[in-house]
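Let's have the full structure, built from the sequences with the hints guiding it.
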Amino acid sequence: MRAYSATLPAPEFAGPAFVTPKPLSECRVAIVTSAALHRPHDEPFTQGDTTYRTLERSDRDLVLGHWSPNFDRTGFGIDVNVVYPIDRLEELAADGTIGSVAPRHFAFAGNQPDTVSELRLDTGPACAVELTADQVDVVLLTPV
Amino acid sequence: MSVLAHVFEAAGIATVVLASMLEVVQQVSPPRALYCDFPLGRPLGRPDDAAFQIDVLRRAFALLDSDGPVIETHPETIESDETPLACTLPPRDDPNAPPAVDEARGLRAAYERAKAKRGVTAVGRAIDADGVPDALAILHSWDEGASWKENPLPGKNTVAVCHDIRAYYEEAALELVTGPPPGARAAEAWFFESTEAGRTVQGARRAMKDQDAPFPFWFYMAPAHR
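Top line first, the protein sequences correspond to chains A and W. Residue numbering for the first sequence follows this note's numbering, beginning at 1 and increasing consecutively. Residue numbering for the second sequence follows this note's numbering, beginning at 1 and increasing consecutively.
Hints are computed from structural coordinates only; laboratory data are not their basis. Heads up, some of the hints might be wrong.
[As the list claims (entries may be wrong)] The calculated label-pair distances, taken between Cβ atoms and stated as ranges, are:
#1 A/ALA133 / W/LYS156: 36 to 42 Å
#2 A/ALA3 / W/PRO154: 31 to 37 Å
#3 W/GLU150 / A/THR54: 38 to 44 Å
#4 W/PRO95 / A/PRO11: 55 to 61 Å
Just so it is clear, CB atoms sit at the ideal spot from N, CA and C, and this is done for glycine as well.
Here it is, written out as structure tokens:
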């Protein structure tokens with residue numbers, strides 16, 4: 001899969017933004033994953049889905065809704081933190097390494113159309129608005 | 001992931017990417033990325049290993065101190081385990097049923113224990129646990145020469161049904177094996193190399209290809225390398 005992915009077109013960003021955050025111990029941190037995680041009763045991800053699902057801070061019973069048959073799912077079955085390290089964030093907040101854990105986290109599906117234009121122009125910015133509303137300073141992005 | 005990093009930074013939020021594809025992250029070039037050469041599906045490396053996961057996070061968050069764009073590599077490589085899980089399969093019960101159908105019924109108790117323990121299951125994209133033996137019977141018929149078009153699966157989505165069958169098996173298997181967490185791909189190897197269901201899925205996949213079914217209908221029923 002790694003060799004194959006290297007052959008796919010990837011977008012390039014000219015003059016990208018670079019945000020310098022405040023000290024980590026004062027930052028509110030959210031996780032955004034491309035593992036297509038969702039709560040069991042949420043609308044499942046469709047093939048090529050460009051939308052996202054919201055995960056509450058307390059959610060642990062999550063379904064991995066990604067459509068690819070090519071990666072391991074048993075790690076997530078054993079321990080959600082190997083994909084979505086929410087318990088680790090709680091621990092880092094408890095010991096003061098990070099300021100706080102965001103109230104909401106977000107999941108996209110990693111298998112996006114090649115142009116990723118919906119993600120760049122529509123659902124990505126919409127998610128950013130929600131993160132900003134929750135006063136998130138730092139986002140940790142996790143794939144599968 | 002790296003695309004979202006650019007989107008979020010443009011909105012004023014700092015980001016750190018845990019990257020699993022080095023060439024992609026180098027090309028998309030997000031502000032901060034920690035490339036981890038871990039099995040795909042396990043971006044934090046090791047399940048049930050909080051200390052290792054914390055180490056990954058500390059290294060990732062340390063990149064926030066960088067004055068400019070940075071891609072670092074985690075010093076450890078974790079290989080997948082291609083050795084099939086040592087998971088005992090149920091003995092034959094109903095000699096009149098196709099082997100995979102009989103096998104799936106025999107794993108039901110383990111699957112139910114796993115579901116009760118986790119409180120959630122990945123089975124249900126197209127079929128539930130009750131539908132697994134019936135779906136395997138249909139896939140078995142394709143492998144035996146029946147037309148995939150005239151004998152459709154429930155939901156008519158081969159990829160979703162095969163996901164559900166494999167999830168049913170892998171969840172049951174995790175309940176049946178003991179010891180430390182298995183490596184990535186051990187359950188995949190077990191499913192496709194050791195179980196009747198895995199053989200049936202692969203046989204049905206070949207049959208669909210031979211019957212000129214559309215590529216995505218059969219290709220994504222199993223990992224690309226199988």
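Hint check results:
no. : hint                            : in the structure
1   : A/ALA133 / W/LYS156: 36 to 42 Å : holds (40 Å)
2   : A/ALA3 / W/PRO154: 31 to 37 Å   : holds (35 Å)
3   : W/GLU150 / A/THR54: 38 to 44 Å  : holds (42 Å)
4   : W/PRO95 / A/PRO11: 55 to 61 Å   : holds (56 Å)
Hint compliance for this structure: no hint is broken.
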